[in-house]
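Chains S and Z are the protein sequences, given in the same order.
When we follow the working numbering, the leftmost residue of the first sequence carries the number 7, and every step to the right adds one.
When we follow the working numbering, the leftmost residue of the second sequence carries the number 69, and every step to the right adds one.
Keep in mind that a hint or two might mislead.
DSBU-like, lysine-lysine: derived pairs with alpha carbons at most 35 Å apart [as the list claims (entries may be wrong)]:
hint, chain 1, residue 1, chain 2, residue 2
1, Z, Lys-125, S, Lys-20
2, Z, Lys-85, S, Lys-63
3, Z, Lys-125, S, Lys-63
4, S, Lys-50, Z, Lys-85
5, Z, Lys-166, Z, Lys-139
6, S, Lys-20, Z, Lys-139
7, Z, Lys-85, S, Lys-20
8, S, Lys-63, Z, Lys-139
9, S, Lys-50, S, Lys-20
No lab work stands behind these hints: they were computed from the structure.
Given the structure is predicted, the values throughout are model-derived calculations rather than measurements.
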Amino acid sequence: NAGVTQTPKFRILKIGQSMTLQCTQDMNHNYMYWYRQDPGMGLKLIYYSVGAGITDKGEVPNGYNVSRSTTEDFPLRLELAAPSQTSVYFCASSRGTANTGELFFGEGSRLTVL
Amino acid sequence: KNQVEQSPQSLIILEGKNCTLQCNYTVSPFSNLRWYKQDTGRGPVSLTIMTFSENTKSNGRYTATLDADTKQSSLHITASQLSDSASYICVVSYTASKLTFGTGTRLQVTL
Numbered sequence: 007n008a009g010v011t012q013t014p015k016f017r018i019l020k021i022g023q024s025m026t027l028q029c030t031q032d033m034n035h036n037y038m039y040w041y042r043q044d045p046g047m048g049l050k051l052i053y054y055s056v057g058a059g060i061t062d063k064g065e066v067p068n069g070y071n072v073s074r075s076t077t078e079d080f081p082l083r084l085e086l087a088a089p090s091q092t093s094v095y096f097c098a099s100s101r102g103t104a105n106t107g108e109l110f111f112g113e114g115s116r117l118t119v120l
Numbered sequence: 069k070n071q072v073e074q075s076p077q078s079l080i081i082l083e084g085k086n087c088t089l090q091c092n093y094t095v096s097p098f099s100n101l102r103w104y105k106q107d108t109g110r111g112p113v114s115l116t117i118m119t120f121s122e123n124t125k126s127n128g129r130y131t132a133t134l135d136a137d138t139k140q141s142s143l144h145i146t147a148s149q150l151s152d153s154a155s156y157i158c159v160v161s162y163t164a165s166k167l168t169f170g171t172g173t174r175l176q177v178t179l
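In isolation and in its complexed conformation, chain Z is listed as follows (with noise of 0.2 Å):
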């Protein structure tokens, strides 16, 4: 079964440091990785979109690792802002329409 597991569930960090999310796949055959970024009461913007051939790719702050041959990718936040407070999803594409979403870890950067 195709399933994306997500770590941790929450996550709670002082503005000015870094966190590193987990993402965990079972999903195959694997297509691309995807991290969206959603805040409370509105929808995903996405982040990163990463293939199969990518092992980092940046946006901004925001840094995602993939290691597809452990089915594992990562997101690190560099230098947290209040405005990090969201969550955040990882999305795992298989089919030419189909993704497998995680469940999301909930960020809240505090004073």
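So that you can see chain S by itself, here it is in the shape it has in the complex (with noise of 0.2 Å):
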């Protein structure tokens, strides 16, 4: 059983480049969720999304954008990278609402801008 998968693991990106994190899931759930984790502090919400072709931000959208053209996916976009989005990243879904349904994690993508 795959569950969430995210790739890649880990990535260098330069300040000011681009780059996609991907993120695919295989139980069919409709919710799913980018997340950041960074030391000392909790998990904060980047992007989520009901459905596909449905996504709303979270708590720190900023410099991230997302889409999700099929159940599947989910691929968070980093537009003109800076330091402070130097995070490990996860991917997540639930079969119902982050409220009422389990989350599933991927194993997380380990980010650094330099």
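Each chain sits in its own coordinate frame; assemble them with the hints.
Here you go:
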């Protein structure tokens, strides 16, 4: 059972570069989320999606973009990378809302911006 | 402001011993409270989910308690094992897609 798969696991970017973090789930979940985890801080919601074609901002969306063209995929785009975006990024999915459904997380993508 | 505070920040115990981790929250309106286990370099994995009406919930050697009146929860680990070494994160839900995450308690189980 693959669950939630994220790629890449590690990436180093230079300031101003762009990249996409990939996330795919094989559980047919409607809800998908992107979180970032900074040292000593709780996970913060970047963007979420309640279904294909629908996305919405979370707590910390600035500097990021998302799309949801299929149920399975929810890529996170970083435009003009900044050192403040150095973090570990987690994609998650749930069958119901985050409020009612269990969240399944990917293994994380560690991004360093230099 | 919705906040989740966990204590202690870190804890070291001997294998076989019990321990209790604490979680205090100010999230409102409360929907449910979850405990996650996060191994180093891995994503969080759900241990328990408790709603307002549930006081205790167990998952093997893990037992979570919830006091919605005092807005406190605890996670008790019985007969700890080396594999219990991880961060334990308390998460409180308050709207349809919004969760507030604690910063976690880092537990190390040693021989």
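* Asked: Within a Cα-Cα threshold of 35 Å, do S:Lys-50 and Z:Lys-85 meet the stated pairing?
  -> Measuring from Cα to Cα gives roughly 33 Å; hence the hint holds.
* Are S:Lys-20 and Z:Lys-139 close enough, with their CA atoms no more than 35 Å apart? -> violated (44 Å)
* Has the given pair, Z:Lys-125 with S:Lys-63, been kept, meaning a C-alpha gap of at most 35 Å? -> Status holds; Cα separation ~33 Å.
* To do: Would you check the hint for Z:Lys-166 and Z:Lys-139, treating anything up to 35 Å between C-alpha atoms as holding?
  => Within the cut-off at roughly 18 Å; holds.
* Is the straight-line distance between the alpha-carbon of Z:Lys-85 and that of S:Lys-63 35 Å or less? -> Violated, at about 43 Å.
* To do: Assess, step by step, whether the Cα of Z:Lys-85 is no farther than 35 Å from the Cα of S:Lys-20, and give holds or violated.
  => Cα-Cα ~47 Å, so violated.
* Asked: Would the pair Z:Lys-125 and S:Lys-20 pass a check requiring their Cα atoms to be no farther apart than 35 Å?
  -> violated (47 Å)
* Asked: Given the hinted pair S:Lys-63 and Z:Lys-139, is their alpha-carbon gap at most 35 Å?
  -> holds (28 Å)
* To do: For the pair we were handed, S:Lys-50 and S:Lys-20, check the Cα-Cα distance against 35 Å.
  => holds (23 Å)
Against the hints set out earlier in the document, violations occur for numbers 1, 2, 6, 7.
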